[in-house]
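*Asks:* Below are the chains, spelled out letter by letter.
There are 2 protein chains.
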Amino acid sequence: MATTETLTAERILATTEEVLRRHGAAKATVVDVARALGVSHASVYRHFRTKAALREAVTKRWLDRTSDALSGVVDAEGPAEDRLRRWLAGLFEAKQHKAGDDPELFATYTVLVGEASEVVDEHIADLTGQLAVIVRQGSEGGEFVPCDPDVTARALFEATARYHDPAYAPDWSRAGVEDAFTSLLDLLVRGLRP
Amino acid sequence: MATTETLTAERILATTEEVLRRHGAAKATVVDVARALGVSHASVYRHFRTKAALREAVTKRWLDRTSDALSGVVDAEGPAEDRLRRWLAGLFEAKQHKAGDDPELFATYTVLVGEASEVVDEHIADLTGQLAVIVRQGSEGGEFVPCDPDVTARALFEATARYHDPAYAPDWSRAGVEDAFTSLLDLLVRGLRP
Numbered sequence: 022m023a024t025t026e027t028l029t030a031e032r033i034l035a036t037t038e039e040v041l042r043r044h045g046a047a048k049a050t051v052v053d054v055a056r057a058l059g060v061s062h063a064s065v066y067r068h069f070r071t072k073a074a075l076r077e078a079v080t081k082r083w084l085d086r087t088s089d090a091l092s093g094v095v096d097a098e099g100p101a102e103d104r105l106r107r108w109l110a111g112l113f114e115a116k117q118h119k120a121g122d123d124p125e126l127f128a129t130y131t132v133l134v135g136e137a138s139e140v141v142d143e144h145i146a147d148l149t150g151q152l153a154v155i156v157r158q159g160s161e162g163g164e165f166v167p168c169d170p171d172v173t174a175r176a177l178f179e180a181t182a183r184y185h186d187p188a189y190a191p192d193w194s195r196a197g198v199e200d201a202f203t204s205l206l207d208l209l210v211r212g213l214r215p
Numbered sequence: 022m023a024t025t026e027t028l029t030a031e032r033i034l035a036t037t038e039e040v041l042r043r044h045g046a047a048k049a050t051v052v053d054v055a056r057a058l059g060v061s062h063a064s065v066y067r068h069f070r071t072k073a074a075l076r077e078a079v080t081k082r083w084l085d086r087t088s089d090a091l092s093g094v095v096d097a098e099g100p101a102e103d104r105l106r107r108w109l110a111g112l113f114e115a116k117q118h119k120a121g122d123d124p125e126l127f128a129t130y131t132v133l134v135g136e137a138s139e140v141v142d143e144h145i146a147d148l149t150g151q152l153a154v155i156v157r158q159g160s161e162g163g164e165f166v167p168c169d170p171d172v173t174a175r176a177l178f179e180a181t182a183r184y185h186d187p188a189y190a191p192d193w194s195r196a197g198v199e200d201a202f203t204s205l206l207d208l209l210v211r212g213l214r215p
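These protein sequences, in sequence, are chains F and E. Basically the working numbering = 1-based index in the first sequence + 21. Basically the working numbering = 1-based index in the second sequence + 21.
So that you can see chain F by itself, here it is in the shape it has in the complex (with noise of 0.2 Å):
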């Protein structure tokens, strides 16, 4: 499959979760990647210096397609009240057709993602940041209780585990999780009213 497109990170990327997809977190190499490119794996290599630093990268990726849809609602206008629902809402959204859409991808990342423990915490810092952000506008506009942001953040993030924490995938398309998840929604909210 020689091609003629300059070979992009993201096109080998890309081409990366096509072959994850293909043959699973176990099996994928770099040779599969290079071969799917129609290129050798130096040149792979020339981008990705291990086939761990491409594995990880692939990994941010995936781990990013969230957070950047979701930066969108921080910045939106309106209550903050509002938005910190829509962000969670559309946090445990994006992750149920992470895992529905496409289950063989979805567990693949999930291997992906228990091997790259500091691009998880640099995604999870990445979250709760965003959550600060509204959290501080809505205590700094009297919506919320004076509070310290971080910790606040922090602390919905781990309230709302069970609807973005993939150990808890099987759960996320039951009957009633999202009555469950609204309930909890208002309860959280409720909390950080003055």
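Do not take every clue at face value.
Taking CB as the label site, the calculated pair distances span [to be verified]:
#, chain 1, residue 1, chain 2, residue 2, range
1, E, E161, F, D123, 45 to 51 Å
2, E, A74, F, G135, 30 to 36 Å
3, E, S194, F, D171, 18 to 24 Å
Computed, partial: chain F to chain E, Cβ under 7 Å [claimed, not checked]:
#, residue
4, V172
5, A176
6, E179
7, R183
8, R211
Once the Cα atoms are required to be at most 35 Å apart in a straight line, the calculated DSBU-like pairs of lysine-lysine come out as [to be verified]:
#, chain 1, residue 1, chain 2, residue 2
9, E, K116, F, K116
10, E, K81, F, K48
11, E, K116, F, K81
12, F, K48, F, K116
13, E, K81, E, K116
14, E, K48, E, K72
15, F, K116, F, K81
16, E, K48, E, K81
17, F, K72, F, K48
18, E, K72, E, K116
19, F, K116, E, K72
20, F, K81, F, K48
The set of hints was computed from the structure by calculation and includes no laboratory data. Cβ atoms here follow ideal geometry from the backbone N, Cα and C, with glycine treated the same way.
Starting from the known structure of chain F, arrange chain E on it as the hints suggest.
*Replies:* Below, chain E without anything else, positioned relative to chain F:
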């Protein structure tokens, strides 16, 4: 190890726990249990009809230890908010002890719990039932907002999953975990105040 003590279900279960501690969930057999008790395996089967029944019973006994201890908090005197905090903190503390004091046995029971979904469902129903009693009393006494106690109990239980679900056990000894837990409790309790 012949013995003249009467062979009760409780003695069998206590010995089963010892055998599990020694051999692990994969290797422990009914014959091991019978041998440790100095009785025939037929005597054990008279109390527990199958190996699966014995494993379920010992798992239930392990889980009940936590719920029995917590039921004292439900029935105690004092404001519902106080009891709610003590109950949730008590659950976290009990889990921390189970995981930290005897990690091998905890790992063994984590395997057994994974096999015994009915026992686990009953255990969770038991725990959320206890929480619902506190919430109902608080709600009826005007300390908490009017709410459906079962729904709210479920939300509280889910919100604190990070502090009782064995999947998170590795986090229970990390620095700052107590502070994070307290922040979460504060947020949840504020959400219940009228």
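*Asks:* In ascending order, which of the hints set out earlier in this document are inconsistent with the structure?
*Replies:* Violated hints (numbers, rising): 10 and 19; every other hint is consistent with the structure.
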